[in-house]
Amino acid sequence: MTAWTAAADGVTLAVRASPKAGRDAIEGIVTGDDGRDWLAVKLAAAPSDGAANEALVRLLAKAMGVAKRDVTLVSGAAARLKRLHISGDPAVLADALNHIIRDKA
70 MTAWTAAADG
80 VTLAVRASPK
90 AGRDAIEGIV
100 TGDDGRDWLA
110 VKLAAAPSDG
120 AANEALVRLL
130 AKAMGVAKRD
140 VTLVSGAAAR
150 LKRLHISGDP
160 AVLADALNHI
170 IRDKA
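The numbering of the sequence shown is this note's numbering, which starts it at 70 and goes up by one.
Treat the hints as calculated values from the structure; they're not laboratory data.
Heads up, a few of these hints could be off.
[What the hints assert, rightly or not] Below, a list of computed lysine-lysine pairs in the DSBU-like style, where the Cα atoms sit at most 35 Å apart:
| # | residue 1 | residue 2 |
| --- | --- | --- |
| 1 | K89 | K131 |
| 2 | K111 | K89 |
| 3 | K173 | K131 |
| 4 | K111 | K137 |
[Unchecked claim] Just the calculated beta-carbon pair ranges, DEER-fashion:
| # | residue 1 | residue 2 | range |
| --- | --- | --- | --- |
| 5 | S117 | D158 | 31 to 41 Å |
| 6 | A130 | A90 | 24 to 34 Å |
| 7 | D118 | H168 | 12 to 22 Å |
| 8 | A75 | D118 | 15 to 25 Å |
| 9 | R127 | A148 | 31 to 41 Å |
| 10 | E96 | A120 | 14 to 24 Å |
| 11 | A163 | E96 | 31 to 41 Å |
| 12 | A115 | D78 | 28 to 38 Å |
| 13 | S117 | A160 | 36 to 46 Å |
| 14 | V143 | V99 | 14 to 24 Å |
Since this is a predicted model, take the numbers as computed values, not measurements.
For every residue, glycine included, the Cβ atom is placed at its ideal position computed from N, Cα and C.
The task is simple: from the sequences and hints, build the whole structure.
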């Protein structure tokens with residue numbers, strides 16, 4: 070199981086965000102108690118006025134090599150568990166995610 074699923078116009082990514090961390094960083098894949106995989110992300114921004122969500126979009130866009138406008142928060146705006154849609158070629162995006170995960174292993 071992976072933390073993302075391919076769609077016709079990109080990928081949907083499951084993220085577990087930890088705001089108010091010391092730095093912005095992608096930590097790797099974590100498995101929840103329910104068996105679902107999430108991409109663990111630390112964010113220095115506080116979860117107020119959308120600052121952590123903006124930092125998350127910025128971090129993922131940079132890591133994936135896409136524009137910020139291609140990363141959309143689908144659900145979880147006020148929660149740690151979030152779903153984001155990243156627009157683009159699903160195969161290219163999946164390769165980028167696999168590369169990010171390999172670097173964290």
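Now the hints, each set against the structure:
Using a Cα cut-off of 35 Å, the hinted pair K89 and K131 holds, with the two alpha carbons roughly 20 Å apart. For the hint pairing K111 with K89, the CA-to-CA distance comes to about 8 Å; that is within 35 Å, so the pair holds. Under the criterion of a C-alpha separation no larger than 35 Å, the hint pairing K173 with K131 is consistent with the structure, at around 16 Å. For the suggested pair K111 and K137, the alpha carbons sit about 18 Å apart, so the restraint of at most 35 Å is met.
Checking the proposed 31 to 41 Å range against S117 and D158 shows it holds: the Cβ atoms sit about 35 Å from each other. Taken as a hint, the range 24 to 34 Å is violated for the pair A130 and A90, whose Cβ atoms sit roughly 19 Å apart. Between D118 and H168, the C-beta spacing of about 32 Å breaks the proposed range 12 to 22 Å. The hint said 15 to 25 Å for the Cβ distance between A75 and D118, and at roughly 33 Å that hint is violated.
A hinted range of 31 to 41 Å is violated for the C-beta pair R127 and A148, which are about 19 Å apart. Against the hinted window of 14 to 24 Å, the Cβ-Cβ separation of E96 and A120 comes to about 19 Å, which satisfies the hint. Taken as a hint, the range 31 to 41 Å is violated for the pair A163 and E96, whose Cβ atoms sit roughly 19 Å apart. About 32 Å separates the C-beta atoms of A115 and D78, a value consistent with the hinted range of 28 to 38 Å.
Look at S117 against A160: about 37 Å separates their beta carbons, and that is inside 36 to 46 Å. Between V143 and V99 the beta carbons are some 19 Å apart, a value that agrees with the proposed interval 14 to 24 Å.
Checked against the numbered hints given earlier, this structure breaks hints 6, 7, 8, 9 and 11; the rest are met.
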